[in-house]
Amino acid sequence: MGRDADTTVAPAAASRERIVGVTDLTVVHQRRGGGRGERFAAVAGVSLHLDAGEVVSVVGESGSGKTTLAMALTALGAHTSGTVELLGRDLARLSQKQIRALRPEVQVIFQDPHGSLDPRQSVKAGFKELRGLQPERTRWVDDAGLLAQVRLSPDLLDRYPHQLSGGQAQRVCIARALLMRPRVLVADEPTSGLDVSVQAEVLRLLLELRERTGVAILFISHDLSVVRRISDRVYVMRHGRVVEEGDTAAVLDDPQEPYTRQLIAAVPGRSLGLRPRNGLDELARGARSSGTEVAL
Amino acid sequence: MSTSLATFGARKLGAALVTLLLALTAAFALGHLSGDPVYNILGPLAEREQIDAMRADLGLDKPIAEQYVAYLGDTVRGELGDSLQYFRSNAELISSRLPQSLQLLAAAMLLAVLIGVPLGTLAAVKEGTWWDRAASTVALLGQSVPVFWLGLMLILIFAVQLRLLPSGQSGGLDHLILPAITLSLLPLAHIARLTRASMAEVLAEPYIDAARARGLSSRRIVGLHALRNAALPVLTVTALQTGVLLSGAVAVEYVYSWPGLGTLALEAVQFRDYTLAQAVVIVGAVAFVVLNLLVDLLYVVVDPRLR
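The listed protein sequences derive, respectively, from chains V and Z.
At the far end of the first sequence sits residue 296, using the working numbering, and the numbering has no gaps.
At the far end of the second sequence sits residue 603, using the working numbering, and the numbering has no gaps.
Hints are not guaranteed to be accurate.
To be verified - Among chain Z residues calculated to face chain V with C-beta under 10 Å, some are:
1) ALA507
2) ARG510
3) SER513
4) HIS521
5) ARG601
Unchecked claim - Quick list of simulated restraints, FRET-style, between CB atoms:
6) V:GLU211 <-> Z:ARG429: 50 to 58 Å
7) Z:ARG429 <-> V:ARG139: 41 to 49 Å
8) Z:THR303 <-> V:ARG31: 46 to 54 Å
Said to hold, decoys possible - Calculated cross-link-like contacts (lysine to aspartate or glutamate; reagent style DMTMM-like; alpha-carbon spacing at most 25 Å):
9) V:LYS124 <-> Z:ASP599
10) V:LYS97 <-> Z:ASP599
11) Z:LYS358 <-> Z:GLU345
In case anyone wonders, no lab produced these hints; they're calculated from the structure.
Think of the CB as a built atom: it goes at the ideal place given N, C-alpha and C, for glycine as much as any other residue.
Here chain V stands alone, though its shape is the one from the complex (with noise of 0.2 Å):
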């Protein structure tokens, strides 16, 4: 499946280091509510990989296994069967320890981003206590700087999470992840909380760290026309399982399968025809131009 041609294609992309592969991967749960012995797949064999610089997406509405696979690919959740590989290593081998050290090179962005924040810790105490964690690693940028790197005024480094606004908040969160200077960032729903105008600011702030850095994301949505934008590749998730893959513009201009259709016509405004990066300044500039305020 090839792509468009004028598709910006991220310059680490190039070396293409496996960052994430996943095999097979099931994930078994207890029903809730169920008796004993009443289990379903929430992921039934999955398999995907993400390489270096990528932004890959999985798309598939709520319920359709997004999420587990997230946590069992970042360790958060345990899986049932096949494997997952971080950094060419099977977490399945890992002991607890190993997969803490491993953390730092694959930081998560959670949808809430106020409840990822501790609400008791100010965002400075939470960049001192990530810092306390790994001194080495951390010591490439000041507090000040790091949220620099978000567009975030220093100002905001006394404040606690309620005294922050919903995009400042995913910002910080971002600041958290990119102080550890990760390999690979995975985003689950990151700005479905987020008014409009802001979410253009946090989608623009990850493509822009992935051209600075090189970061690998995996982007999890539900929302096609945030994927259009962003994503290099996309596996479209139903029950569990992958039910279409290829390159973004490949599969949301000719899906393939009858779901990956239903999902692409239940996006309203249908407004999927835009190019990936165009389409994202073009909602970051329309954001501004309205006059909305964009939380920086």
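Position chain Z against the provided structure of chain V, taking the given hints into account.
Relative to the frame of chain V, chain Z by itself:
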């Protein structure tokens, strides 16, 4: 922000004063509802003149509203009246017993917190395992075992049979052990159950997963992020239990002949010394209200969202 803080403080202070007034009114009413105090003190064979003289002496011949106002005025000035049984001022009696009660209370609450919080935390972290079930059983036992029975059993085992510890009276640290254990059981159970519930709720918060994803150790996540956020309800129940135990350690003090406020209250009731009983109730109520107010204000320190 400071204005809202001042409003918060003023509101809490107002609520505390109203609670205090209600408690004082209840103490006043109880003194008058439990029969004619003078008749209770002097007994059925007292002469009319004797009764009238004592009634005038205690101010009980005045209209009830006037008595109430005088009582409130005295209480605000810290005048708690004189004991009808000991012929000493109630304040003096209470202050002679208060250190013993505080010593027992501090030891019991220390045990309750030092055991209850880790027990509840363990149960929450190991939710659904036998650790959880064991901790919940201990908590349930703590809430259902009557303290007087537990006290007697501990005396029987450790004082009578094993002769390891004294059976009662205050004295050295060894005298404190059994009463403190007995008194700690109920607050320990409350604290453990509440810590478990509060921790289980916090451990399900997204920021706990986020902390794990950032590479923090389980010890730091549970011991710092989770416990700090689960602490508010635990702090409240600890303060409430402290207030309750200050004047409510009657059974434990009685079983161990511990010379504290609890036994003083019991003596006051036994000898129908209503002014003393009232004074003990007032001290307990004030301590309770003040503790609650302190906890409310401490919330602001602990939780930045309230600032």
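Consistency of the hints with the structure:
1. A distance limit of 10 Å between C-beta atoms decides the matter here; for Z:ALA507 the minimum to chain V is near 7 Å, and the interface restraint holds.
2. At about 6 Å, the closest approach between the beta carbon of Z:ARG510 and any beta carbon in chain V falls short of 10 Å, and the interface hint on this residue holds.
3. Here the hint on Z:SER513 is kept, as its CB sits about 7 Å from the closest CB of chain V, short of 10 Å.
4. Residue-level restraint check for Z:HIS521 holds (minimum Cβ-Cβ distance to chain V is 5 Å; threshold 10 Å).
5. Of the supplied interface hints, the one on Z:ARG601 holds, with its beta-carbon coming within about 5 Å of a beta-carbon of chain V, less than 10 Å.
6. Between V:GLU211 and Z:ARG429 the beta carbon distance is about 54 Å. The supplied range of 50 to 58 Å therefore holds.
7. One distance hint, 41 to 49 Å for the beta-carbon pair Z:ARG429 and V:ARG139, holds here, with the actual separation near 47 Å.
8. At roughly 49 Å, the beta-carbon separation of Z:THR303 and V:ARG31 lies within the given 46 to 54 Å, and the hint holds.
9. Between V:LYS124 and Z:ASP599, the direct Cα distance comes to roughly 17 Å. Compliance with the 25 Å bound is thereby established for this hinted pair.
10. With a C-alpha separation of about 32 Å, the suggested pair V:LYS97 and Z:ASP599 falls outside the 25 Å cut-off, and the hint is violated.
11. Restraint check for Z:LYS358 and Z:GLU345: the C-alpha separation of about 17 Å stays at or below 25 Å, so the hint holds.
The earlier numbered hint that this structure contradicts is number 10, and it is the only one.
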